[in-house]
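Chemist: Read off the chains here:
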Amino acid sequence: MASAWCWSCLSRLRPTTRAVLPPPSAIPRLTSAPFHSSAVQYAPPLKKKSNSMTQLKYRQGQTLRRKKKKTVERARPPAPGERKALRKRIILSNPNALEVEGMQEISAENIVDARLRGSVLGLPVPMLDQLRAVQAFKPKQGWSIFRRPGAVVRRDTVEMGRLFEKISGEGDAAEKGKVVKKVVTGTKGSGKTVHLLQAMSMGFLKKWVVVTIPEARELVSGDTAYVPVEGSKPTQYIQPGATSALLMRTVEANREVLSGLKVSQKHDIAGVKPTSTLEDLAKLGFQDPALAWPVFKALWTELTASAAAPGMEKDFQTRPPMLVAVDGLAHWMHNSAYRDTDYKLIHAHDLVFVKHFLSLLRNGQAEMKNGGMLLYATSTSNSPGVYALEVALDQMTARQAGIKPTSPEYPSAEAYSNADPRVLDLFKPIEGKEPQMELQTLGGLTRDETRGYLEYFARSGLLREPVNENWVGEKWSMSGGGIIGELEKLGRHVRSAAIPTPAAN
Amino acid sequence: MACGEVHSSEKRCCRMISPAHRGQASIEPSINRSDNLFSGKMVFILGVNFPERNLLKKSLESFFGIGNHTSSRLLARFNIHPTCRVGELANKQVLDMTAVLSDMKIENDLRREVLNDIKRLKETGTYRGRRHALGLPVRGQRTRTQIKTPVKLNRMERRM
Amino acid sequence: MARPTSNGLVQAMQSLRLSSQFPQRSLIPSSRHLSRAYATEAETETNTAIQPESIPDLPVQAAPEIDFSTSFLRNPARIVPASPSYFSGSPRFVDHVLHLESLQARYAALPQLPAGEAPRMAWFKLKQFREYVGEAVPVKKYKSLVKILQRLNRIQPEMVPGEVRTVLDSFLRPGNPYAVVRETPELDENGKARAKGKRKESKAVVHLVEGEGEVLVNGKSIVEAFPRVHDRESALWALRTTERMDKYNAWVTVRGGGVTGQTEAVTLAIARALMVHEPGLKPLLRRAGVITVDARRVERKKPGHVKARKMPAWVKR
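If you're matching them up, the sequences are chains A, B and C in order. Residue numbering for the first sequence follows this note's numbering, beginning at 1 and increasing consecutively. Residue numbering for the second sequence follows this note's numbering, beginning at 1 and increasing consecutively. Residue numbering for the third sequence follows this note's numbering, beginning at 1 and increasing consecutively.
Just chain A, same shape as in the assembly (with noise of 0.2 Å):
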């Protein structure tokens, strides 16, 4: 008899004789299932050589016999871009799933309720094209699964709601214009992208200007046209295709913000008038690529001008914070595989489009005049590995920690490691001058957030066991503390197995 434990096999998905719990109070009732690793017992019995040649009836004709081989029909291979297309599909909704009651949509009052923490919020529909636009989704994040897009409230995603208060000038202690500088790191699966996620819906709600930059390998892995800046030393270069889909982005998403701001600087740029509005502005960027980057660059003055120029007040409103995610910022400290024209390997930060973004980062920089949050998320587990940025995030663990530069227990970089100096200089402490960086490690969800979330399959439909403390807590371990992601393929295989299925061996 095939033992039935072992329901992540894929080969055989049968109902778990899982232990479960007896009655509290009762003495506890011993059961278990057998244990086995091996797909040995799994194999079908033997089954009998049924050799033609030995069956032969009576009287039948002894000549070879042999099965035609069938011609397969081969369907036509998909158009071109279309595999490409699929894997790239984002799909937001499961109409099998089952619609959760009571489910509370994320609002720019509730982004800051603690007592929300472990519940899950669903994203309101006219923000979803926002989010799209910013690619904010991303395949195999499990979108697909529930009835509605939605995420977990963690302690991390109350606290970057205060965070947002603050800087909108709401709240108890407002401090209006701040700038936060995070780099977020967690291992694979611990929930950064989708924290950005939160953070660009948080940042919608909020009327800020949100950029982001979802795939930061797509800048540097030589698949964009990248054009070299006359006169600049070291060569610098322009991404006029990237920076023309950023501005796309960007104007896409932020419309309603966009569209009511007006020019309030003087440009250079053919085709900017006093009255046009900054979308206008950036539209001029996307139809030509080659104005792309000097439209960035007066769309990015104009968004950080705290005063118009001399004579064009009339129309000036503040402008709106902004919001700067990027995705994948280990990318951005080794050479890309752009090469200069004596064939060698340009660093990723003498792409201007790249070095502009890790300029705002820099400690002390304070280019955003109207407040702002920069979240550049990286992971430990699947990233390329560059040792200068693992030396700088280690001392910014250290100085949060309360290390002084000066101490001897302050990391540096190993003698002979050859760390990419660029990099160290990036992340280099400036005292004394705000903002500053911080390091935020997301970790796994606690028991009780845990506790939410898997509810949030059961009432989805997706589980059919009962959530209780025992079960949560087995899965909280099953998935190594609580990382987020691994719940969720948790929660995907309970589903599998709770399929009843004949025994059939």
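Since the hints were derived computationally from the structure, they do not count as laboratory data. Source: prediction; values computed, not measured. Accuracy of the hints is not assured; some may be wrong.
[Claimed, not checked] DSS-like mimics (lysine-lysine), calculated; alpha carbons at most 27 Å apart, straight line:
{"hint": "1", "chain 1": "A", "residue 1": "355", "chain 2": "A", "residue 2": "369"}
{"hint": "2", "chain 1": "A", "residue 1": "84", "chain 2": "B", "residue 2": "41"}
{"hint": "3", "chain 1": "B", "residue 1": "105", "chain 2": "A", "residue 2": "344"}
{"hint": "4", "chain 1": "A", "residue 1": "182", "chain 2": "A", "residue 2": "297"}
{"hint": "5", "chain 1": "A", "residue 1": "344", "chain 2": "B", "residue 2": "57"}
[Claimed, not checked] What the simulated footprint calls covered on chain C by chain A, stretch by stretch (three residues with Cβ under 8 Å from a Cβ of chain A suffice, anywhere in the stretch; the number is not a length):
{"hint": "6", "region": "175-181"}
{"hint": "7", "region": "253-262"}
Quick reminder that beta carbons are idealized off the backbone N, C-alpha and C, glycines included.
Dock chains B and C against chain A, hints included.
Modeler: Coordinates of chains B and C only, in the frame set by chain A:
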């Protein structure tokens, strides 16, 4: 290097951005719009027509005498990214590329040179020349097995 | 059981021994006795008749009169072996068997313990026994001897006769292997249980303490150590099946082998460590199959084979 010349001269790449030429740059016709998804047009490089959606690097490597080494250096020289399609090239870049290619010893020139070298070996009566004429491996390989390629290629009237 | 024939033989031997004292009483020391074979303790009167000629000075004496009434008739006419089993091929073994059988018969009436409760004894292994008797004893026959030993061993301990005790002890191997009682592992002063597990080429050491269900494998989180859910499950199966997942913290060090071997080595180690904390869980863990050692290892490759068993394809020539 030729690239320095390209930068400084009038033939500068249309997509190069400098304040003085910015306006002009936008006026110049550019085929490299990504939204056209490469209509069935062809691009003419060194007398050969390439479909627009072909990779530029692969297209260059289709010339006799250009392999991975040369093609990737050619791309770097004109600041073209390695996954560039033929259709993304600006006219100027096509012309520059053709100009550089026409200066190189590729295709028939290269074939002729190779044939001449072999012919010289034969005429001077060297061992290598004899091996060429006999249809046997030239560089000391074993002949017991696996000499299909020299049997196929090396003959009196060698063709490339 | 004592056979009358064998008794008769023994008596004959005894008488033979008595009568053979005679030549030694003479003044000439004889070295012949020293070179005697062990089972052929026989002497005849002919020996005494031959007198060495090296003592001519002694006054000649007449031979004593033959007393036909006593010893002469009782002495056999030829050499008789000491043991009746002399011609059986393995006489010492047969002697042992006979002796044991006689003991068994004699004490058959003593009360005995049920089969499983007799004290465990380490009898000679076959090879040791062969050395002990110096004969090539067949397996089957030795087994029958051991059977008698076990029967004698089942006599209730307080009633065992001293004779039986000494005989049984003579069949024990040197150094009592059952005397060493394995120490039951215990928690250390910090409430930590340590246990090891092996599977394939992997070896795992687990430190288990009461806690909240945190598991670290080689200093990493279990997700990083075992990315597959299946592996994680099987590693923690002992805790899971006993519903102890959130009651213990485990610190695991595992080395060698591949992923499957490592996970299952961890399974075994955790189960053993759990038994130190809660010995009552043993039957449950046994049923769950997590404390059963899988002793299988990769079979070695043999010369002439392609793999361990696979042979090269047969070619006619």
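Chemist: Does each hint fit the structure? Answer for all of them.
Modeler: Going through the hints against the structure:
For the given pair, residue 355 of chain A sits about 19 Å from residue 369 of chain A by alpha-carbon distance, which is consistent with the 27 Å threshold. Using a Cα cut-off of 27 Å, the hinted pair residue 84 of chain A and residue 41 of chain B holds, with the two alpha carbons roughly 23 Å apart. Simply put, residue 105 of chain B and residue 344 of chain A have alpha-carbon atoms about 24 Å apart, close enough for the 27 Å limit, and the pair holds. For the suggested pair residue 182 of chain A and residue 297 of chain A, the alpha carbons sit about 23 Å apart, so the restraint of at most 27 Å is met.
The straight-line distance between the Cα atoms of residue 344 of chain A and residue 57 of chain B is roughly 18 Å, inside the 27 Å bound, and the hint therefore holds. Beta-carbon proximity to chain A at under 8 Å applies to 0 residues in the region 175-181 of chain C; the threshold of 3 is not reached and the given coverage is violated. For a cut-off of 8 Å, the count of residues in the region 253-262 of chain C with a CB near a CB of chain A stands at 1, and the three-residue condition is violated.
The structure does not agree with the numbered hints 6, 7 stated previously, though it agrees with the rest.
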